[in-house]
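Following the hints, position chain Z against chain H.
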Amino acid sequence: MISPPAADRPVQEYSVIDIRALRKWYPGSDAPALDDLSLHIEPGQVFGILGANGAGKSTLLQVMLGLLAKDNGEVIVGGHSLDDDASKVRALFGLIPQAPAFYPTLTVAENLEFFSAARAIHRGLQARETRRVCAISGLEQWLKHRAGRLSGGLQRRLNLAIGLLGKPPILCMDEPTVGVDPQSRQFILDSVSALANQGTTVLYTSHYMEEMQRLCDRVAIMDRGRILAQGRLSDLLNRAPVLRIEFSGEVPDATLDALSRPFNGRAIHSRLLELQTSDPADCMERLGGLLQAHNITPASVSYGGEDLQQLFFRLTGRALRD
Amino acid sequence: MRLIGALIRKEILLLTRDWHGLALLFVLPAVFICIMSLAMQDAHELGGSRQEPVRVLDLDDTDTSRTFVAELNALEAFRFQHVDAAATDRETLADAVQARDVGIALILPEGFSAMLQGGQDDALGLEVLHGPGLLPQVRELFALGVEGALTQAMLASALERLAPSWQPGGRAQQVLQDSSLTVISTPVYRGNSSRHTPNAVQQSVPAWLVFAMYFIVSPLASSLIIEREQGTLARLRQLNVPAGWVLGGRVLPYYAVNMVQLVLMLAVGVYLVPLLGGDQLTLGGSPAGLWVIASANSLAAIGFALLIASLSKTLIQATLLGGVITLIMGALGGIMVPKAVMPPGMQAAANLSPMSWGLEGFWHILLRLEGAAAALPEALALAGFGMVCWTLAAILHRRNL
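Chains H and Z, in that order, give the protein sequences. The first sequence begins at 1 in our numbering and counts up by one. The second sequence begins at 1 in our numbering and counts up by one.
Pulled out of the complex, with its shape left as it was, chain H reads as follows:
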């Protein structure tokens, strides 16, 4: 059973989803798809997983649902261990995959009827359940239409409606707005907010920052199979201002070390340096000499806190992903 967290209990104990040290290697790959990954998601939250393509978001969802085998780690959902009781874990989820996953030659009503049976919804409740999910997804007038002939936005809404059948306590949404027109996107985001307000826990993956900022209570930033940061969005963004110096080319580690040491700074990666200072003008003046000595010209210099995009790039770098 999923119950709300007690205020005096540590997060791990009342997490509706508790993932510990998860590891997954695809055969033949030279790096793990999930690398020692841990997550704690509380009931009723909209939890966002932000990552570039190939970061491991979809793999994480599939492993969490038991659709892909893991190599190591533990997944506990609603008190059920995936290793011991995979079917109970799966039953807690409503899955809304990235691509529309239904039968294009069946009508909307036939698809909903079929997936209701697959969800083991009692026949007597099926009509009411169909009406409920159609109302949420705005599909009432499309019931008799073949799913494959619907527009892309309507197909996404049908994909959402199927995932909502049976009122699952956790919704697992894998980039549900990719390739969707602005109106349908807005509709889907509104629906997610409404569901979250009704108490549904939502696990939402995306690479759209504004969706994360709008929807999510907590966010995990993921790259190359690892969680680089996770927490409340406000906590992640509420950091002391820093002086950010970005270089156009890669700078050797020794040079970065020489530049950052006098200012209690750190190299985020080979092209980005962050320096802690309350006096950026003085800092720049002192840094100027060092840059000249190493014959380096910065590409950009900025000072202040971060928005999500800056945080994301700071953590994951700007290099193109494979």
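Among these hints, one or two may not hold up.
To be verified - Here's a subset of chain H near chain Z, in silico, CB distances under 10 Å, partners left out:
| id | residue |
| --- | --- |
| 1 | K88 |
| 2 | F93 |
| 3 | G94 |
| 4 | P97 |
| 5 | A99 |
| 6 | L106 |
| 7 | A120 |
| 8 | I162 |
| 9 | N295 |
What the hints assert, rightly or not - To be clear about the criterion: a stretch of chain H counts as covered by chain Z if any three or more of its residues have a C-beta under 8 Å from a C-beta of chain Z, and this derived list gives those stretches:
| id | region |
| --- | --- |
| 10 | 22-31 |
| 11 | 110-119 |
Source of the hints: derived by calculation from the structure; they are not laboratory data. All of these numbers come straight from a predicted model, not from anything done at the bench. Each residue gets a CB set at the ideal place from its N, CA and C atoms; glycine is no exception.
Then chain Z, alone, in the frame of chain H:
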């Protein structure tokens, strides 16, 4: 129970909305049966409507050579044309054969009568010209006919020498003809009714029906692969739908498709082929036997289709793999080329093809007019093949999930 019902209903809806797939399953084999039944009609009736043209050049031009040619005219499988010796030579005839104006040319040399009377048949020097495309059995039939006519001509010639009063067409020749032995060829069937004489439709319907049942490979494999590619299979798995049910939900709809094919193809043989000028299919006396062997063939075809779907990663792979293996099984199993005309080694290899088992099973019922029990060995072999395919498909399907 509701879930399996929903899986079956879903598959039936998908099938009935795929008009191209349905055309492939029903229309194509019906067309095959009509074409093959009509095209192969003469192959099952020696001396049927087709007569091979033969040009005869008689350079001897004697009573004996003319008697010999008259004997040849009695061969029903050939149509003889006599050419003028003054206007034609060997080269002209060879050109005509080469140009396929005529299938065979026969040249009777000068001195044919004299040599015939000498009784040295191997030194007669009759020359037969034929094109490279002439079927070996037609060539053999013609050679036998010529040898028979030569024997007749030699006997007549001997009689003429022994009885000087002998006249062509007279009493002596009558005696020769009357004493000829006739071979009576009778096909043996249960019931021994002349209605059940084997013909092209009797061979074509079961052959193409067996083949057509394997046409389900394409739609069945496609539906499973599309489910996998679109993520529907993952969604079903997330909903705790057992993998075995996902496969099993397809069995009943495709079994129904195979049974409709059975009824439709038999109806084509009984009603449509005769309308088009072919022979009529006779169904034998064992509907249960037809059902048993058709069901076993269906189980084998469904198992094979599931295996192809589980082996293939993409639609193209499934189409190619399924299509090529089905064709090979058909070619090997006597669907396209009757096993009877295969050399012994190939006949032994043909027995490895499940389509050959299916065909033999149908022939027990349709050709040999036997009952279900006679078709049981083939039915059991097909069911066994189907079960092996199903098991492998289930293992691979789980691995692919």
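Okay, the hints, checked on the actual structure:
no.: 1; hint: K88; result: holds (9 Å)
no.: 2; hint: F93; result: holds (6 Å)
no.: 3; hint: G94; result: holds (9 Å)
no.: 4; hint: P97; result: holds (5 Å)
no.: 5; hint: A99; result: holds (5 Å)
no.: 6; hint: L106; result: holds (6 Å)
no.: 7; hint: A120; result: holds (7 Å)
no.: 8; hint: I162; result: holds (7 Å)
no.: 9; hint: N295; result: violated (53 Å)
no.: 10; hint: 22-31; result: violated (count 0)
no.: 11; hint: 110-119; result: holds (count 7)
Going down the numbered hints, you'll see the structure goes against 9 and 10, while the others check out.
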